[in-house]
Structure formats: structure tokens, C-alpha cells
Amino acid sequence: MNEEELKQQNAQPEGESHINPGDKEAPPGTSAEEKGEKVAVEYQDVLGNDVEVPTYFVVEGEDGEKEALHHVKDAEKISDVIREARVNEDGERTWR
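The numbers in the sequence shown follow my numbering, run straight up by one, and end at 99.
The reader is advised that the hints may include incorrect statements.
Stated by the list, open to error - Below, a list of computed lysine-lysine pairs in the PhoX-like style, where the Cα atoms sit at most 20 Å apart:
#1 LYS80 <-> LYS69
#2 LYS38 <-> LYS80
#3 LYS41 <-> LYS76
#4 LYS41 <-> LYS69
#5 LYS27 <-> LYS80
#6 LYS76 <-> LYS38
#7 LYS38 <-> LYS69
#8 LYS80 <-> LYS41
#9 LYS27 <-> LYS76
#10 LYS41 <-> LYS27
#11 LYS27 <-> LYS38
It should be emphasised that the hints constitute simulated quantities derived from the structure, not laboratory data.
Model the full structure from these sequences, guided by the hints.
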């Protein structure tokens, strides 16, 4: 396969800016709950188990307000939330 054929094979549909359509962000005004229902990828692993990757992870802040974090754009913040969740009141890391 030559270079031009390879480019055509891997070309995205016109108007499509994401390789994975599930990576698209929800339109403004979409609630955290609605964002939390959006799925980025669904597939079966090698054992045949269904795996679902959400587009947004919904987290609740200290003030009780829910925030939807995009799995690509907000990946660093998602990691921070996970780290915070593993720290007890004394500031010690806990492993569950």
C-alpha cells in the first residue's frame, strides 16, 4: 500500500474532528447527570466481558456540587480526584 492509499484509509469522515466519536464534548448547558450517561467506548475484552468507558466522570465537590470531568480533557484532574479519595482525614494514603 502506498502512502496516498494509507492516508485515504485512515482519513476521518468530512467534518469529523475526533478519531473516537465518544471523545466529543457534550454541548454547553448539558447537565452533569446527562454527561455522566455518555459512553466513549464499548467493547469486549479478551475474556468476553463487556467493558464500557464513560466520556465523563461525575464527581462531587466538597460543596456538594456535581461536576462532569471529560475523560481526555480533564484526565489530570480525574487523577487528582482519585488521589484525594485515597487519603484519610490524617492525610495518610489508604489503599482499598
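Check the hint pairing LYS80 with LYS41 against an upper bound of 20 Å on the C-alpha distance.
The given pair, whose Cα atoms are some 19 Å apart, holds under the 20 Å limit.
Can the restraint linking LYS27 and LYS38 be considered satisfied, given a maximum Cα separation of 20 Å?
holds (11 Å)
Below or equal to 20 Å on CA atoms is what counts here, so check LYS80 against LYS69.
The hint holds at about 14 Å.
Sort out whether LYS69 lies within 20 Å of LYS38, counting only the CA atoms.
holds (11 Å)
Between LYS27 and LYS76, does the CA-CA distance stay at or below 20 Å?
With Cα atoms ~10 Å apart, LYS27 and LYS76 stay inside 20 Å; holds.
Hint check: LYS41 vs LYS76, CA-CA at most 20 Å. Holds or violated?
This hinted pair holds, its Cα atoms lying about 15 Å apart.
Can the restraint linking LYS76 and LYS38 be considered satisfied, given a maximum Cα separation of 20 Å?
holds (14 Å)
Pairwise hint evaluation, LYS27 against LYS41, where the allowed Cα distance is 20 Å at most
Satisfied, since the Cα-Cα distance of roughly 10 Å is no more than 20 Å.
Is the straight-line distance between the alpha-carbon of LYS27 and that of LYS80 20 Å or less?
Given pair LYS27, LYS80 holds - Cα atoms ~18 Å apart, limit 20 Å.
Between LYS41 and LYS69, is the straight-line Cα distance small enough, at 20 Å or below?
holds (16 Å)
CA of LYS38 to CA of LYS80, is that 20 Å or under?
The hint holds at about 16 Å.
Hint violations for this structure: none, all hints satisfied.
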